[in-house]
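J.: Listed in order, the protein sequences are those of chains P and B.
Going by the working numbering, the final residue of the first sequence carries number 80, and the count climbs one at a time with no gaps.
Going by the working numbering, the final residue of the second sequence carries number 164, and the count climbs one at a time with no gaps.
If you are wondering where the hints come from, they were derived from the structure by calculation, not from laboratory data.
Among these hints, one or two may not hold up.
[To be verified] Below, in silico cross-link-like pairs of lysine-lysine (DSBU-like), each with a Cα-Cα straight-line distance of 35 Å or less:
#: 1; chain 1: B; residue 1: Lys-122; chain 2: P; residue 2: Lys-60
#: 2; chain 1: P; residue 1: Lys-60; chain 2: B; residue 2: Lys-114
#: 3; chain 1: B; residue 1: Lys-68; chain 2: B; residue 2: Lys-122
#: 4; chain 1: P; residue 1: Lys-60; chain 2: B; residue 2: Lys-68
#: 5; chain 1: B; residue 1: Lys-3; chain 2: P; residue 2: Lys-60
#: 6; chain 1: B; residue 1: Lys-68; chain 2: B; residue 2: Lys-114
#: 7; chain 1: B; residue 1: Lys-3; chain 2: B; residue 2: Lys-68
#: 8; chain 1: B; residue 1: Lys-3; chain 2: B; residue 2: Lys-122
#: 9; chain 1: B; residue 1: Lys-3; chain 2: B; residue 2: Lys-114
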Amino acid sequence: MPSVTVQYFAILREQRGLVSEQLSTSAATPLALYRELRARHNFTLPADRVRAAIDGEFVKSDAPLREGANVVFIPPVAGG
Amino acid sequence: MFKISSVPLEPGALNGALLDARAGACVTFEGWVRNENEGRAVRALDYEAFAELAEREGNRIIAEAREKFQILAVAGVHRTGALQIGDLAVWVGVVAAHRGAAFDACRYVIDEAKARVPIWKKEHYADGTSEWINCATRGEHASSAGGPGSPNSPHRTGMRPGSP
């Protein structure tokens, strides 16, 4: 199973209680990984309200998840 | 240039960086921390950013503004950290030969930044509660993971297959 790093921000950081973690996952896409983590940690945001970034760039939710990827899940933004 | 700043913004200095002899108009926008939101008394705010991607996306917005409008220079800065009522949260400045393009570009940059840049705001209310803005879910649970979201969800933030 590929090992990835997940960084958490804002509401997800608080709900996970961590800034980042390394984990092994059988998820093939950011969407699948989010669903897995949401079920495990009871994240309140449904998957369709969260975007994904890999290695510092927005990606589609069905992009491939590769070994060593740095994944960030992005809750609805609220700048300004 | 679009920047994330963990230290207080100084509009005078930011403005100075836009000076251009060809400029006949300078439009700036300052977003201030307000003491009320949707009927609730706000005591303070925390802003958090995914700085690397926030600056990248902010710079994309600035490049779009340069393409769309006849402007000479444009810049934006957004604060992170703990802010108090009246603090400057975001600053956008545009200079152009004429005011129309400067107003339009300034509006474009702040509107797009609010919609697209990965920055989050936690409001602390006078009654002692706190809330991450735009993240309310009305009692959703993990069992509904991947199910339909709130009807209020903005489409552009949804993680559906095929969305960027």
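J.: A separate judgement is required for each hint: does it hold in the structure or not?
T.: Okay, the hints, checked on the actual structure:
1. B:Lys-122 / P:Lys-60: holds, 27 Å
2. P:Lys-60 / B:Lys-114: holds, 21 Å
3. B:Lys-68 / B:Lys-122: Answer holds: B:Lys-68 to B:Lys-122 is near 33 Å, not above 35 Å.
4. P:Lys-60 / B:Lys-68: Given pair P:Lys-60, B:Lys-68 holds - Cα atoms ~26 Å apart, limit 35 Å.
5. B:Lys-3 / P:Lys-60: Roughly 25 Å between the alpha carbons, so the hint for B:Lys-3 and P:Lys-60 holds.
6. B:Lys-68 / B:Lys-114: holds, 18 Å
7. B:Lys-3 / B:Lys-68: Holds, because 21 Å separates the two Cα atoms, which is no more than 35 Å.
8. B:Lys-3 / B:Lys-122: Since the Cα atoms of B:Lys-3 and B:Lys-122 sit roughly 20 Å apart, the hinted pair holds (cutoff 35 Å).
9. B:Lys-3 / B:Lys-114: holds, 14 Å
Going down the numbered hints, you'll see the structure goes against none, and every one checks out.
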